[in-house]
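Chain residues, written in single-letter form:
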Amino acid sequence: MKRLMAWMIMMGLVFTGCGNEAPDTNDSVKGDGASADESLTLAVIPKGTSHDFWKSIHAGAVKASQELGVEIIWTGPEKEDDRQQQIQVVQSFVSRGVDAIVIAPLDNVALARPVETAVQRNIPVVIIDSGLESEAHSSFVATDNKEGGRLGARRLAEVLGNKGKVILLRYAEGSASTENREAGFLEEIAKHGEIEVISSNQYAGATKESALQASQNLLNKFPDVEGIFCPNESSAFGMLRALQSAGKAGQVKFVGFDTSEALVTGLKDGEINGLVSQDPFDMGYLGVKTAVAVIKGETVEANIATRLEMITPENLNNPDIQELVKPDLDKWLK
Amino acid sequence: MSSSENTASLYSQKSWRDHLNAFGPVIGLVVVYGIFLLVAPSSFHSLYNTKTFMTQAVIYGIGAMGMTFVIISGGIDLSVGSLIALGSVVTAMILRTAGAEEIGLMLPILASLSAVVACALCGMLSGALVSYMRIVPFIVTLGMMQITRGVAKGLAGQTAVNTSDNWLGSMMVIEPQVGKWYSVAPGLWVMVVLLIFMTILLRRTAFGRYVCALGSNEATARLCGINVSIQRIWVYTLCGALTGCASVMQYASLSLGDPTAAVGMELDIIAAVVIGGGSLNGGEGSVAGSLVGAIIMAILRNGCVLVGIPNYVQNIVIGTIIVAAVGIDRLRHKSN
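Line order of the protein sequences matches chains H and U.
Going by my numbering, the first residue of the first sequence is number 1, and it counts up by one from there.
Going by my numbering, the first residue of the second sequence is number 1001, and it counts up by one from there.
Be aware that a few hints might be false.
Claimed, not checked - Below are the DSBU-like pairs computed for lysine-lysine, each with C-alpha atoms no more than 30 Å apart in a straight line: (1) K1153/U - K221/H; (2) K208/H - K1153/U; (3) K1051/U - K79/H; (4) K146/H - K1153/U; (5) K268/H - K146/H.
Hints were generated in silico from the structure; no laboratory data involved.
Next up, chain U with everything else stripped away, as it sits in the complex (with noise of 0.2 Å):
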């Protein structure tokens, strides 16, 4: 693939066919969602389903984000799904901290910050692995994944962190005023206003430039004056961060801090943003596309459920759709 031409194109003004590629993974939706309308029960379409399936995609939504920004600089982080259940591992021990009449409005705030900072710093040490060390992104999120995990179950002495009730553990509720049509998880709207604030990130600011410099061609960046070790750092902390919020709807979802929770999500979180039409070479991808991606992901196992699918085909379904997404990336790639 010819690196200067993504470059070329991410600078300048979007091309027709640009708009069009960047619905894909929309089309993807749409086609997806109307084929469980025609095969589900029709309950599938109800509002409170798609409430449901639309709860379901907040982790691996706000998980793929991150994933985002990592991918488009060209690099990978494994160690999302450890840092997940790392991060709600410290949310569920940090309330634990308080009985259950005084936890109040703000130690679940501390608890989410905590986790938050918590898998920051270690993305941040991802990054700095990676820029300072010269090990490939691979390997060092491949050892932190190990890492984190072995850290997340050591705090949580082995078990589940049990919590007693707070509001933290309501994020989550698919409809939190039972019959209300417009009432969602208030996890849902944590991750809409975080979809604002990286699509702006990454499409209005220097840095979100520096992000697909670095992915299209690294040596360019670095001749046309950007840190690149810098900026990597940055990248992973801003993955770590995002994933520190999945962590915590994670202990919302669960209501308790699971150390073994999220084995191999990062799997699922790095196939939404290829769904989503990022690129693993690097210098292509979209946070919206991101999270439509996690949407499909979510609505295909939602789906598989109502119609009764057993889980063997559920799996043969999400890989081929896998490869599919990334197969026509690449016919796209030949044809422009």
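For reference, chain H alone in the conformation it holds in the complex (with noise of 0.2 Å):
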């Protein structure tokens, strides 16, 4: 009988506090352009909610949601590796009832079903960042991979003057945007005839831990790098405090991929040479207003490209790139 009671006043007790927090706490934001679609609710769900780039796209997505007036519920994995808990994020929107999906699939295989599922049930998908093998979506809106992972080579191969051993840390299996960039990457370099790829087959994992020791093994391996290129931010801040560690920063060339504040203060210390900056804030507000359109039943494009950008320590100060790296968060995300 005991036990009895105190279950019940345990679950009280969890869930009077979860309950109470719900309202403030849940990331819903209701845009204040009040109008005939406020009754719209769109779930917007990233790979992962901790890194910086994550940040940029929930802030354009609330940009958009507050232009349009609509809501927005912002929800992701904790991982960026796991595809399970993102296809149960997925099917709970889809059970829930929301008017469109916008998200960022952390596979390319494992989340075609669940987005099939959410189309079967009349919920508009549309995909940003990372593709998806499936036909269901309407649009996908995305940076052109392969051209930033092309612009990165370009960059890599101007400060090394054309020449020497360059490395390409991967980033994660099954990541289709990276994977695009690495290929771009190694397309552009292999046109170089005088620079040499020594390793292209590491992967740094999802995390900037597994990040650094895969930096700092290869950092062993091959003592006589010259240059190289990461595909995102995890991998290239791993690598970044690799060289520090390793007393090689600044010596040797680098070109990372996406910005966050510890990246960008390298590329003011010269221990960056580059940084392939795609716009996630563009990212996250084409992806609602897209997915807003479909709503509304206007055709939109199947691909959508968002802006590329290669950051060097010499345009850094330009208002137009300082948009870019520090866009103003605060403004969208309370």
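Dock chain to chain to rebuild the complex, using the hints, since each chain is given by itself in its own frame.
And the structure:
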């Protein structure tokens, strides 16, 4: 009997806490541009929530939601390699019955079926950031990742003076966006005959920690490396830390992808020679705008490319680039 | 705690108190569900959403059934998460031996059986190491967790193993026939069938009684003529086999073999068993209770997403419930 009572009390405690909190901590944002669309609710599902990149997407999505007067719910898996959890998030939003889903799929295959289920149940899906092997979604809003990889290769070749030994540290298996960047990089770097790729089969893994370890191992294995390319924020960060701890930062030419405070500091300090920058803010913004257009029955492009920019120590202080590097997130994300 | 009392209570007729205790997890389930009914949007109590979280509970639920036996026997198995990844990779690799058109009916069955056998063998190895090398289960299975994770990654060549479409991949589709109320994921039926078999195995067979005796008081069990070492190996083998079933469901749910899947899932599964009334001191627990534990956790995850509660609050809530469930268990022992 005691157990029974205790169960009920504990459950009650746990949940009144969580119930009361829910309205303020849930990440849903109501647009203030009140209109007929106010009843629309969109789920925006990132690959993870810890990287700065996703915060910018979030901010862009919030901006679009305020302009259009719709509500967005922002929920993602905790780890960027947890396919199962992202599937469950999609399934939950499908059964909740949101009006549309904007998602950055963690895996180009595993997420296909949940997305198809959503479309079957009349919930349009817009894919952002990474591709999905499916015909079901309405539009794909993303960076031209291959072009981004090429951009990185050109910059690395430029700072290396078109010769030297380079390493490509890959990000993680099954992530279409980074695989395209890697392919674009290798394709372009091969055009510079005197540059030799000495390693291109190592993966950084999903976390900064695993990226650091992989980078340290790589640097130990190839002490004579002259140039490095990393295809995303976490792998670039891990490589930067590894270069710093090995005392090689600034000596080895290094081009990364995406920006964060730590990476931009590295750029300023001359430890990074270039950062290919996507515009995640634009991606979140266009993702939500496109989804709302789909709900309204407008025709949308199947592929929508977002902005790409090569940030170098030289152009870092241009106002245009500053906005890309330091978007005013606080303005959008309380 | 007095273990002889536990042994006695397992054999004697159940008192009203025992019956009530058995309902503890169910009451927890009702309370959790009820609270979400109040705070979540109305779609929470839709039939489709119920199917959603029940389907999401399948992998945890089947894993928890195997873990129940291990925990009742006084052991623990930390390798379950890695075994789920290993099994999903084995399933996918066998399915990949055939082209898209020739997979047919039999190959997925063969693939599933291979995954179950592979996981059962790993379990058997853990059991043998615990029994004959006299290493504590925590350490043995901690080692197995790393070993099997490594084997899974090695087999898969460090990447996800893609497969062509086949019927096994549809086992975890929430509503296979769209719009039909009776249509549920086939995986859910697998879970129900396993529930029935495992409950009978635990409550109505000699093996089940040995498992309970082993966990209540190993010395007494040995004196009663039970071959403790052999029985323990069977317990871990059974846990491995059920984990293999869970791994097939993991494959079905992702439609690919993912060597990095289910990291840390063993802890969620242990939590489900504990919420369901299993005692880490051994001798206590039930298959149905553990399943209810798994469902409670699935509802929590699903409900939190529907309400829009961020991840970190979900972690806090689930952690609190685990500690609360064990705390209540302690209270109960005191009052007994």
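Note to self: Flag every earlier hint the structure violates by its number, smallest first.
What the structure shows: Every hint satisfied by this model.
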